[in-house]
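*Asks:* The primary structure of each chain is shown beneath.
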Amino acid sequence: MSAITITKKEPAKTDKKKEADDEEFEEFPVQEWTERGQDMDDEEVNVWEDNWDDETHESEFSKQLKEELAKNGHKVQ
Amino acid sequence: MTRFPDIDSYFSELQRLINSYDWNRAQTASSLFSMEDDHSYLPYLQVESYGSRTRRSRLNDEVFDEMTCLHLHVLYCVHVANDFVSAHSTQIQIVQLFNKEILQKRKEENWFMPIFYQLCTDLRILSKEAEDVSSQNDDGEAMTSFYEQAANCLMECYRACVSDVRTEIHSSKKVAMLNLTNQLFRIYFKINKLNLLKPLIRAIENCGPLYQEFSMADKVTYNYYLGRKAMFDADLPLAEKSLNYAFRNCPRDCMSNKRRVLIYLIPVKMFLGHMPTHRLLHDYKLDEFEEVVEAVKDGNLGRLDRALEQHEKFFIKSGIFLMLEKLRSITFRTLFKKVCSLLGGSIFLLEVFLCALSFAQVNDVDVCELECIMANLIAEKKIKGYISHQHGKLVISKKQEAFPALSSISAAI
Chain A
1 MSAITITKKE PAKTDKKKEA DDEEFEEFPV QEWTERGQDM DDEEVNVWED NWDDETHESE
61 FSKQLKEELA KNGHKVQ
Chain B
1 MTRFPDIDSY FSELQRLINS YDWNRAQTAS SLFSMEDDHS YLPYLQVESY GSRTRRSRLN
61 DEVFDEMTCL HLHVLYCVHV ANDFVSAHST QIQIVQLFNK EILQKRKEEN WFMPIFYQLC
121 TDLRILSKEA EDVSSQNDDG EAMTSFYEQA ANCLMECYRA CVSDVRTEIH SSKKVAMLNL
181 TNQLFRIYFK INKLNLLKPL IRAIENCGPL YQEFSMADKV TYNYYLGRKA MFDADLPLAE
241 KSLNYAFRNC PRDCMSNKRR VLIYLIPVKM FLGHMPTHRL LHDYKLDEFE EVVEAVKDGN
301 LGRLDRALEQ HEKFFIKSGI FLMLEKLRSI TFRTLFKKVC SLLGGSIFLL EVFLCALSFA
361 QVNDVDVCEL ECIMANLIAE KKIKGYISHQ HGKLVISKKQ EAFPALSSIS AAI
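First to last, the sequence lines map onto chains A and B. The first sequence runs contiguously to residue 77 in the UniProt record's numbering. The second sequence runs contiguously to residue 413 in the UniProt record's numbering.
Just chain A, same shape as in the assembly:
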């Protein structure tokens, strides 16, 4: 049937299968659905935040950084 011969056989591990397939992109149960337009607004666009720069320095890290700079003789505003 083929050129492959195996000398010993081990029972395959079926429990291993599910776990290993975890990384694989799954087959879709259906093949067709409606495509979403590019400028169609929906909640999934709002899951990304563009204005995240901490301008007011309110984070704990910012406050401590400010103290640290001052402590080292750098003049903070």
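These aren't lab readings, by the way, just hints derived from the structure by calculation. A quick note: this is a predicted structure, and the numbers were derived from the prediction, not measured. Ideal Cβ positions, reconstructed from N, Cα and C, are used throughout, including at glycine. Honestly, I wouldn't trust all of these hints.
Residues from chain B that face chain A, not an exhaustive set, calculated with beta carbons under 10 Å [to be verified]:
id: 1; residue: P114
id: 2; residue: K219
id: 3; residue: P251
id: 4; residue: C254
id: 5; residue: K285
id: 6; residue: H391
id: 7; residue: K393
id: 8; residue: L406
DSS-like, lysine-lysine: derived pairs with alpha carbons at most 25 Å apart [to be verified]:
id: 9; chain 1: A; residue 1: K66; chain 2: B; residue 2: K241
id: 10; chain 1: B; residue 1: K398; chain 2: A; residue 2: K66
id: 11; chain 1: B; residue 1: K219; chain 2: B; residue 2: K174
id: 12; chain 1: B; residue 1: K313; chain 2: B; residue 2: K297
id: 13; chain 1: B; residue 1: K384; chain 2: A; residue 2: K75
id: 14; chain 1: A; residue 1: K75; chain 2: B; residue 2: K219
id: 15; chain 1: B; residue 1: K313; chain 2: B; residue 2: K326
id: 16; chain 1: B; residue 1: K393; chain 2: A; residue 2: K75
id: 17; chain 1: B; residue 1: K393; chain 2: A; residue 2: K66
id: 18; chain 1: A; residue 1: K75; chain 2: B; residue 2: K398
id: 19; chain 1: B; residue 1: K193; chain 2: B; residue 2: K313
id: 20; chain 1: B; residue 1: K393; chain 2: A; residue 2: K71
id: 21; chain 1: A; residue 1: K63; chain 2: B; residue 2: K190
id: 22; chain 1: B; residue 1: K198; chain 2: B; residue 2: K219
id: 23; chain 1: B; residue 1: K285; chain 2: B; residue 2: K326
id: 24; chain 1: B; residue 1: K317; chain 2: B; residue 2: K193
id: 25; chain 1: B; residue 1: K241; chain 2: B; residue 2: K190
id: 26; chain 1: B; residue 1: K107; chain 2: B; residue 2: K198
id: 27; chain 1: A; residue 1: K66; chain 2: B; residue 2: K285
Chain A is already provided as a structure; the job is to place chain B on it using the hints.
*Replies:* Using the frame of chain A, we list chain B on its own:
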């Protein structure tokens, strides 16, 4: 209760579906060729050998009849004998038969493609199973791997399909191009031969109106893999475009696939200045990213390094660790921005930044490396300004925003 009380009923259902030469019926029939469908667990459909049995159910179509018998043998190998190597070689036989007798011989029809796709998918899954078994009792890698055998076989089918040029688009076998490209994408990802995909990707790019004929399932899958490849090739704009498409068009009830898309989309988006919201990470159980996002937003390099270390295993397994490490560069930018804003003005001694770096637990950066990091950020237009090497100073623009929002910088890397 099964819909197939005996082997005859299975054959007659197939007969009914195949005889209509209809794509939708073939879609239904495809599950009857799957090794995971309900029917595959019925003992009387797991046939060790037909031998010379003459009295048996048959399909009128001889080729489909032969493939069905082979399929039932695969079911025996998989579910009874646990012999994935034989299952794999039998599945290869089925696909080769399909190629030789159907793809290459039946002109101007393509209704059978859903069945073909199922056969290819199972071949791919069996390659993995066979690979797993044989790596357990490995005797060297002299023979071609199961994945490679499968890839070669699928490539032959691909060639047969693309050469179907004279047929009108709705009945052309070229419609199988995208599904086959996806099958090969999955395999080549596994065996690290992504370069072999180049001509296939180009063919899809240039396929014109045919693209509209492909199924949404295949389009989303294709964009997922294309995006991942683009990420590895450091083509971030293409990665963002493809993964974004895959994420938006992946149906909501396919949560695990949406989550898989996000694992790659998140690092790409972050690098381009779009941070995932807490809500998104929570909804998709991607809490591993939480600390990384917070650290990057805060310019806190020490926290970033710790966050990467904490979930190192997950990030490496997903293949995004190196991509996430690149986020250090924008974290430097945010830290420098903070320092400039805290001190005010437009001219800064470089030692101020060294002080901030050591506060952020970055202890391996000296002034030379600092200048190098800054020079890169300036080249990438993430800082508007220049370094005065002679005076050991950074001078930033007064006229325009010296640290433009990352999301506003279109040209990445």
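*Asks:* Are the hints correct? Go through all of them and say.
*Replies:* Outcome of the hint check:
1. P114: 8 Å, holds
2. K219: For B:K219, the interface hint holds, since the closest Cβ of chain A sits about 8 Å away, which is under 10 Å.
3. P251: At about 6 Å, which falls below the 10 Å cut-off, the nearest Cβ of chain A leaves the hint on B:P251 intact, so it holds.
4. C254: Since the shortest Cβ distance to chain A is 6 Å, the answer is holds.
5. K285: Since the shortest Cβ distance to chain A is 13 Å, the answer is violated.
6. H391: Because about 16 Å separates B:H391 from the closest Cβ in chain A, which is outside the 10 Å limit, the hint is violated.
7. K393: The hint is violated - B:K393 has no Cβ within 10 Å of chain A, the shortest such distance being about 13 Å.
8. L406: 8 Å, holds
9. A:K66 - B:K241: With Cα atoms ~39 Å apart, A:K66 and B:K241 exceed 25 Å; violated.
10. B:K398 - A:K66: 22 Å, holds
11. B:K219 - B:K174: Distance of about 15 Å is within 25 Å: holds.
12. B:K313 - B:K297: This hinted pair holds, its Cα atoms lying about 23 Å apart.
13. B:K384 - A:K75: Holds: B:K384 and A:K75 sit about 23 Å apart, inside 25 Å.
14. A:K75 - B:K219: 56 Å, violated
15. B:K313 - B:K326: Holds, at roughly 17 Å.
16. B:K393 - A:K75: 16 Å, holds
17. B:K393 - A:K66: 20 Å, holds
18. A:K75 - B:K398: 19 Å, holds
19. B:K193 - B:K313: Holds, at about 24 Å.
20. B:K393 - A:K71: Given pair B:K393, A:K71 holds - Cα atoms ~20 Å apart, limit 25 Å.
21. A:K63 - B:K190: The hint is violated at about 47 Å.
22. B:K198 - B:K219: Holds, at about 17 Å.
23. B:K285 - B:K326: 23 Å, holds
24. B:K317 - B:K193: Within the cut-off at roughly 18 Å; holds.
25. B:K241 - B:K190: This hinted pair holds, its Cα atoms lying about 23 Å apart.
26. B:K107 - B:K198: 29 Å, violated
27. A:K66 - B:K285: Roughly 35 Å separates the two Cα atoms, so the pair is violated.
Violated hints for the displayed structure, listed by number in ascending order: 5, 6, 7, 9, 14, 21, 26, 27.
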